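A.B. asks: Next come the chains, spelled out residue by residue.
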Amino acid sequence: MSILIKRGQLIDPHNKVDKVCDILVEKGKIKRIAKTISAKAQQVIDANGCVVLPGLVDMHVHLREPGREDKETIASATRAAIKGGVTSLLAMPNTTPCIDSPQAVSVLQKAISKTAKAHVFIAGAITRGRKGHEIVDIAGLKAKGVMVVTDDGSSVDDEKVLMQAMQQAKKHSMVVMCHCEDAALSDEGSVNRGLTSTRMGLRGISKESEFKRVERDIAIANKAGAHIHIAHVSCKESVEIIRKAKKNRIQVTAETCPHYFALSETDVLDFDTNMKMNPPLRGTEDVAAIKKALADGTIDVVASDHAPHTDNEKDIEFERAAFGIIGLETGLGVTVTELLQTRLISWQRIAELLSANPAKILGLNKGSLAQGDDADIAIVDPHQDWALTKKEILSKSKNSPFINRRLKGRTVYTILAGKLVYSCREQA
Amino acid sequence: MTKWRQKDLLGLENLSKEHIELILSTAESFKEVSTRGIKKVPALRGKTVVNLFYEPSTRTRVSFEIAAKRLSADVINIATETSSVKKGETLIDTGLSIQALKADVIVVRHNASGAATMLARHVDISVVNAGDGWHEHPTQALLDIFTLKQKLGNIKGLRVSIVGDIAHSRVARSNIWGLTKLGAKVTVCAPELLIPPEVEKMGVSVTHSIDSALANADAVNVLRMQFERDAGAAFPKQLEYFRNFAVTEERLKKAKKDIIIMHPGPINRGIEISSAVADGKNSVILEQVTNGIAIRMAVLFLISQARRTQ
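Heads up: the sequence lines are chains F and X, in that order. The working numbering applies: residue 437 is where the first sequence begins, and numbers increase by one. The working numbering applies: residue 11 is where the second sequence begins, and numbers increase by one.
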């Protein structure tokens with residue numbers, strides 16, 4: 437199998453490349469990059485006017501398999517992923533059963549090898565059943581190839597437990613990904629605490645519930661010497677704490693999600709449950725702080741926190757509706773629209789946030805496009821003006837706040853391990 | 011002349027000043043109907059109004075029922091214990107069933123904030139919010155404002171204090187939106203834990219002193235203290251509340267002589283208000299009940315008109 441990509445603007449953040457060139461893909465690898473390649477290939481893609489990115493790496497995805505295949509499956513999520521240009525993703529362990537043992541990892545790996553249409557990597561839980569008490573067999577997880585542990589969806593309340601987990605993670609060179617939330621301060625809320633919760637007559641989730649945990653967890657990681665990754669940063673105080681930690685050379689990385697810079701708390705006011713996620717949409721100054729942090733390097737990663745839920749769990753009273761939204765199909769479009777079209781960041785930075793940086797954090801040999809690299813590629817038409825309709829969603833669940841929203845920049849071809857796996861254009 | 015075009019009345023937050031005034035002036039003309047020998051007009055003849063109540067309520071439901079009947083509508087009451095309705099599909103499914111029965115209006119009371127908004131999104135027929143969680147209770151605020159207007163003529167510039175559990179009160183929120191839109195100066199008064207966060211950004215002043223809430227006020231709206239609700243241990247016990255926040259004759263001595271005392275009912279005598287004040291010359295509590303009918307007639311009439319002209 438060979439593919440020749442003609443005249444695309446190659447962005448390789450790893451090697452700081454930004455140039456128009458031809459790329460020859462052969463046997464799953466980048467065979468050659470040159471100004472003009474005249475070699476014959478089985479497929480030729482005219483990428484004139486398009487941006488050629490290393491395949492996107494989404495390090496925060498809820499596959500729902502095993503246990504809730506009515507919401508999403510490995511097959512449906514990965515199909516949605518490649519449509520969005522995502523060629524690698526990290527599956528969160530909060531499934532039923534929870535991925536909290538080497539055995540559970542093996543079972544999941546088997547299912548992935550059968551049905552996944554993209555590269556799927558697995559995060560293990562920090563504690564048994566994600567209950568926050570008993571640390572899992574971290575060495576055992578590592579032996580199965582797991583690189584990240586997280587109790588995502590919950591925070592580890594017990595500092596001693598988290599400390600031990602961090603020490604274990606350090607020992608085995610693994611990343612501890614933290615969902616930072618002090619549940620007591622979240623007050624069973626469903627929107628940002630403040631004017632928004634007051635206007636809506638709902639319990640509010642305070643920003644303290646997030647940033648106090650960010651502060652605590654970074655301090656614990658620092659003591660243990662472990663690499664901590666802060667999931668879904670939503671507020672300006674968390675950004676400040678992370679910025680300061682980085683200045684102090686603490687080994688911390690952080691991610692945010694497209695909704696935390698594309699939307700804000702006013703979008704939730706008419707009780708649309710597709711605007712309900714945890715952490716909640718915050719204020720405009722938080723959005724501004726997140727954008728700045730994405731531009732200046734404080735936040736390293738944009739991840740989707742793809743969280744499928746059925747209509748039955750979303751089309752109900754706001755306070756009872758499930759938290760979370762899907763995002764695999766819109767992540768790139770929303771990021772390009774909000775950050776690149778507004779000239780806040782460059783394509784290099786887009787490629788870092790969506791591919792090179794998460795790849796680096798996960799220790800993957802991905803996120804770069806040089807000769808000999810894996811041929812995972814997203815070819816993006818930066819000028820395409822489009823909107824995702826509910827009907828077109830490939831995820832099993834349709835809970836997106838971006839349905840029908842105009843976006844600029846769309847994945848037109850996705851190449852996975854040297855094979856063209858997605859295309860929304862007529863091929864040449 | 012402002013025209014009414016909305017199919018629903020979900021709250022006062024998203025209603026313009028002009029639309030609020032339109033409801034008030036429409037209610038003005040309907041008030042007279044209830045004083046007639048035959049208390050009925052044919053405005054809604056052939057229409058069906060369904061009262062869908064997921065929370066116990068007597069006065070609001072009866073008020074809507076009487077309002078609909080005085081407009082000659084047919085009225086069906088559905089009372090559902092919330093405890094048996096854990097899942098929201100039931101609300102949407104019930105709404106769709108009521109629509110399939112060719113009803114014209116659903117009047118809904120629900121313990122979840124936003125329930126009326128959600129219902130209105132899923133049905134094509136009209137929805138009137140009769141109270142949703144802590145969010146809004148628009149017809150209560152409208153009848154409060156209507157009563158004030160009848161007593162004092164103009165809302166603009168009035169000083170109105172709302173005393174009680176502001177955090178968990180839909181009556182407070184709707185009153186705040188309505189009164190501030192019409193130009194009143196609103197003060198909310200409660201123990202600190204019963205003041206919702208950043209409420210001052212809704213355009214009100216906040217005080218924790220009942221005396222300062224009463225001083226210079228033209229009217230005070232005393233909310234029912236709902237000790238049975240999930241406010242839980244958030245506030246002082248009943249007796250302590252009475253000592254610190256109740257509106258009593260003693261406290262009124264320092265207030266304006268003709269201060270208007272309102273209460274959405276039902277009253278907890280001896281908790282948020284003393285009997286002497288509730289029954290006293292400044293109290294308009296029963297007039298509020300009477301005015302509620304005119305307001306609800308106006309609302310039912312206007313939304314039905316809007317649907318007809320669509």
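Hints may be right or wrong, so weigh each one.
[Stated by the list, open to error] Taking lysine-lysine and the DSSO-like style, the derived pairs with C-alpha atoms no more than 30 Å apart in a straight line are: (1) X/Lys17 - F/Lys834; (2) F/Lys827 - X/Lys263; (3) X/Lys211 - F/Lys672; (4) X/Lys166 - X/Lys79; (5) F/Lys728 - F/Lys827; (6) F/Lys546 - F/Lys596; (7) F/Lys683 - F/Lys607; (8) X/Lys166 - F/Lys648; (9) X/Lys247 - X/Lys27; (10) F/Lys455 - F/Lys827; (11) F/Lys826 - F/Lys465; (12) F/Lys826 - X/Lys264; (13) X/Lys211 - X/Lys291; (14) X/Lys211 - X/Lys27; (15) F/Lys728 - X/Lys13.
Treat the hints as calculated values from the structure; they're not laboratory data. The structure presented is a predicted model; accordingly, all values stated were derived computationally and were not measured.
A.B. asks: Can you name, in rising order, the numbers of the hints this structure does not satisfy?
C.D. replies: 2, 4, 5, 6, 8, 9, 10, 11, 12, 13 and 15
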